[in-house]
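Put together the whole structure using the sequences plus the hints.
Number of protein chains: 2
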Amino acid sequence: MRIVVIGCGAAGWAAAAAARKTNREAKITVIEQGKHPVYERGGIPYVIQGEIPSFESLVNFSSEYFDFMKIEMLTETKATDIDPSEKWVKVSTRSGKERQIEYDALILATGSKPFIIPAPGYNLPEVYGVRTIDDGKRILDACRSAKAAVVIGARLVGLEMAVALNQRGLDVTVIELLPQILDAILDRELAEEVQKTLEGMGIRFVLEAGISEILGKDHVKAALAGSTKIDADMVVMAAGVRGRIELAQQIGAEFGTTRLIKVDERMETSVKEVYAAGDCIECVSAITMKPTASQLGTNAVRQGKVAGTNAAGGSAMRPPILGASVTKLLETEISSIGLTEAYARKNGIDCVSASAVVPMRPICYPDRFNARVKLSARKADGRIIGAQFISRKEAAPRIDTISVAMLKGVTADDLVLFDHAYSPPVADSTDPLAVVAEVLSKKFTGLSRA
Amino acid sequence: MRIVVIGCGAAGWAAAAAARKTNREAKITVIEQGKHPVYERGGIPYVIQGEIPSFESLVNFSSEYFDFMKIEMLTETKATDIDPSEKWVKVSTRSGKERQIEYDALILATGSKPFIIPAPGYNLPEVYGVRTIDDGKRILDACRSAKAAVVIGARLVGLEMAVALNQRGLDVTVIELLPQILDAILDRELAEEVQKTLEGMGIRFVLEAGISEILGKDHVKAALAGSTKIDADMVVMAAGVRGRIELAQQIGAEFGTTRLIKVDERMETSVKEVYAAGDCIECVSAITMKPTASQLGTNAVRQGKVAGTNAAGGSAMRPPILGASVTKLLETEISSIGLTEAYARKNGIDCVSASAVVPMRPICYPDRFNARVKLSARKADGRIIGAQFISRKEAAPRIDTISVAMLKGVTADDLVLFDHAYSPPVADSTDPLAVVAEVLSKKFTGLSRA
Chain A
1 MRIVVIGCGA AGWAAAAAAR KTNREAKITV IEQGKHPVYE RGGIPYVIQG EIPSFESLVN
61 FSSEYFDFMK IEMLTETKAT DIDPSEKWVK VSTRSGKERQ IEYDALILAT GSKPFIIPAP
121 GYNLPEVYGV RTIDDGKRIL DACRSAKAAV VIGARLVGLE MAVALNQRGL DVTVIELLPQ
181 ILDAILDREL AEEVQKTLEG MGIRFVLEAG ISEILGKDHV KAALAGSTKI DADMVVMAAG
241 VRGRIELAQQ IGAEFGTTRL IKVDERMETS VKEVYAAGDC IECVSAITMK PTASQLGTNA
301 VRQGKVAGTN AAGGSAMRPP ILGASVTKLL ETEISSIGLT EAYARKNGID CVSASAVVPM
361 RPICYPDRFN ARVKLSARKA DGRIIGAQFI SRKEAAPRID TISVAMLKGV TADDLVLFDH
421 AYSPPVADST DPLAVVAEVL SKKFTGLSRA
Chain B
451 MRIVVIGCGA AGWAAAAAAR KTNREAKITV IEQGKHPVYE RGGIPYVIQG EIPSFESLVN
511 FSSEYFDFMK IEMLTETKAT DIDPSEKWVK VSTRSGKERQ IEYDALILAT GSKPFIIPAP
571 GYNLPEVYGV RTIDDGKRIL DACRSAKAAV VIGARLVGLE MAVALNQRGL DVTVIELLPQ
631 ILDAILDREL AEEVQKTLEG MGIRFVLEAG ISEILGKDHV KAALAGSTKI DADMVVMAAG
691 VRGRIELAQQ IGAEFGTTRL IKVDERMETS VKEVYAAGDC IECVSAITMK PTASQLGTNA
751 VRQGKVAGTN AAGGSAMRPP ILGASVTKLL ETEISSIGLT EAYARKNGID CVSASAVVPM
811 RPICYPDRFN ARVKLSARKA DGRIIGAQFI SRKEAAPRID TISVAMLKGV TADDLVLFDH
871 AYSPPVADST DPLAVVAEVL SKKFTGLSRA
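Those protein sequence lines, which keep their order, are chains A and B.
Residues 1 to 450 in our numbering are what the first sequence lists, from first letter to last.
Residues 451 to 900 in our numbering are what the second sequence lists, from first letter to last.
No lab work stands behind these hints, which were simulated from the structure alone.
In silico lysine-lysine, BS3-like type, Cα no more than 25 Å apart, as pairs:
no.: 1; chain 1: B; residue 1: Lys-829; chain 2: B; residue 2: Lys-892
no.: 2; chain 1: B; residue 1: Lys-563; chain 2: B; residue 2: Lys-540
no.: 3; chain 1: B; residue 1: Lys-893; chain 2: A; residue 2: Lys-408
no.: 4; chain 1: B; residue 1: Lys-477; chain 2: A; residue 2: Lys-442
no.: 5; chain 1: B; residue 1: Lys-892; chain 2: A; residue 2: Lys-21
no.: 6; chain 1: B; residue 1: Lys-893; chain 2: A; residue 2: Lys-21
no.: 7; chain 1: A; residue 1: Lys-78; chain 2: A; residue 2: Lys-272
no.: 8; chain 1: A; residue 1: Lys-408; chain 2: B; residue 2: Lys-892
Encoded structure:
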């Protein structure tokens with residue numbers, strides 16, 4: 001059996017490894033157009049910030065790993081053509097040679113690219129996307145001499161970049177089209193808290209303003225956010241990503257409403273024996289059961305595993321998509337899962353929410369700190385449909401707890417008295433999630449009485 | 451309505467507060483024989499160690515809190531008699547006066563006391579239990595001049611005390627009757643890892659040995675563990691606790707096989723309108739559905755809430771008991787929930803287990819560390835019945851995730867691809883629990899094929 005994987009980001013790597021684990025005999029080839037196979041993209045802002053020592057450290061695997069796994073890894077190689085009936089992929093290798101590779105199963109893990117807003121001036125040399133190690137190196141080089149930066153987009157990557165550049169001593173302004181930051185993962189009142197924290201560090205925000213122009217003749221001199229002119233030596237575009245779908249289009253694969261590749265429960269596309277995983281595919285929300293774009297590294301890894309397993313003759317089902325995400329902005333960790341209250345309402349889901357500031361350690365503990373926790377539950381059945389968490393620590397594992405809860409349709413009532421671990425140096429005797437669950441549960445009691 | 455609570459530890463406090471929240475009009479009286487109402491008992495070893503600044507800081511509430519909650523708080527007051535048919539409690543107050551307090555509902559939250567093994571020499575002045583702030587103060591005083599200590603019992607409190615005294619510069623030896631430390635919460639191979647870490651700090655262990663005698667005429671000079679003589683200036687008894695059940699016995703309440711007070715699903719004892727909660731009651735394991743002693747602070751708080759709510763005319767159900775626990779031994783956090791593999795086998799529960807050392811941060815992150823994770827699942831239905839976790843951080847929230855999973859009957863399969871949050875500074879792209887769940891899941895696949 002012959003398996004070809006196109007793209008070696010998180011999804012492609014996970015697919016190839018799962019295929020190997022499923023089938024020891026298969027010949028597996030991975031085609032990657034970049035210099036490196038899979039690396040921790042999410043670490044790029046932290047290298048620029050100085051929290052991770054080098055870009056090189058982001059590269060997870062040496063070529064020995066792929067040799068050991070008996071995976072043929074073709075870097076700096078571009079897939080140029082696919083024939084899904086004859087089942088071959090044409091590639092152009094590092095040295096410019098063409099080669100045709102036959103497959104029994106093909107996995108498209110072509111990922112995504114940063115969306116570069118085509119505002120006038122977008123092609124000036126100091127306008128950067130944040131996707132590859134090369135992007136990261138160019139930004140780090142630039143910020144050694146630059147004094148001021150504009151970041152376009154106040155989502156996770158935008159804010160991580162804003163903090164990184166701020167820590168490098170630059171004057172940073174973030175431009176966001178929407179009236180709040182982190183719109184996809186936080187409700188407004190929580191987003192405003194984060195914004196204040198970042199403003200306290202000296203980062204400025206211009207909200208409800210798009211980038212209308214990047215000014216400068218040969219070099220970036222300023223950016224126009226609506227009518228606000230912001231002097232800057234560099235611009236970072238962090239306005240989201242777009243799936244790389246050209247190859248899928250070429251073979252006539254079906255696309256969803258999100259303009260991403262449609263896959264079935266086995267991660268197979270509409271084209272037989274062609275699977276897809278990662279940023280290039282359309283997900284199905286485990287909450288709304290509707291198509292959604294959820295371009296996260298954890299989805300890529302989980303989907304890659306399923307695609308690779310099935311491609312290699314095994315059997316696995318599409319992973320549940322709840323949208324768990326987390327970031328660390330200097331000393332503030334923010335995590336989120338599911339739907340925000342605002343998103344739920346906008347999409348016609350009637351929900352009840354509760355939010356509180358709760359202690360993460362008992363009052364006796366010197367290194368105590370609080371978390372801001374928000375939980376939302378569907379009015380119809382009481383099930384938790386979203387959670388938001390802001391704290392100095394533990395934002396990831398706390399949201400993971402809610403993830404397992406959501407997987408199993410847990411209600412606020414279930415969480416009020418759930419059994420949790422307690423000891424003064426590591427946890428308070430009343431769990432922070434249980435505290436907010438109790439407030440939420442009482443709102444439901446109030447509703448049923450009314 | 452008149453509610454009386456006997457005992458103001460975690461259970462009594464939680465009961466009184468829940469009663470007040472349920473019933474704004476009730477007259478609520480709490481009777482506590484100690485000087486302080488509820489405080490963080492679990493913090494005592496950490497005060498001795500120096501990680502928490504003072505014993506005073508362990509006291510959670512000032513008298514203003516109880517005034518604000520309109521709870522009459524009688525400290526240094528002992529309940530001496532109860533008439534459950536006439537419904538009154540007789541107390542002896544601080545000044546030695548007798549007083550009779552009528553009740554409509556009574557809550558026994560009498561807690562427990564350390565089990566002092568009656569070996570010869572047990573009543574020497576330098577033999578200490580670890581229960582009250584006064585115990586803590588006496589130990590701290592003693593260890594300022596002592597050079598060597600013997601700790602009896604290698605459970606959570608015993609090990610916390612061993613570390614505390616070690617950090618105070620004492621030569622510490624732990625005696626344990628069983629062949630391993632932390633028997634209730636860790637399987638042997640994990641317990642041995644923890645033991646090695648503690649031995650690396652200079653703590654010595656004498657396993658499979660009971661305390662046969664404490665030597666010394668007027669003062670502790672040594673301890674005999676079996677035939678091993680250990681020179682010591684002080685002995686700490688950390689051999690578990692015994693429920694304080696005298697009052698319950700006196701009113702003829704029913705007891706379970708654990709010799710603790712039996713309560714129904716509403717936390718009511720066999721005596722009408724007498725509720726009980728905390729260390730003095732028998733729990734029902736949510737895994738085996740059998741009676742069990744689970745004398746943990748979190749159980750006390752959760753049970754107290756239910757007892758208080760029901761006593762005050764509300765409606766609440768007994769919380770699920772899974773036995774989540776956690777400790778921090780200097781830089782090592784250990785958490786556990788449910789049954790160990792050994793315990794399950796001993797009790798006739800056929801289970802499958804998997805264990806691995808898994809990264810908690812990606813390899814690029816400088817402050818990376820690993821966790822040792824063990825999961826056990828019931829062979830019959832695949833449900834997770836226990837988890838063990840050793841790590842530098844996050845042991846509490848990680849075990850809480852498993853708690854919610856166990857609450858809802860999650861299997862290893864469910865966890866393999868669960869949606870978790872990822873970002874390089876705070877979590878790896880493959881979840882540590884998912885990694886071990888995958889190993890466990892494959893063992894089940896192997897079983898079903900075999």
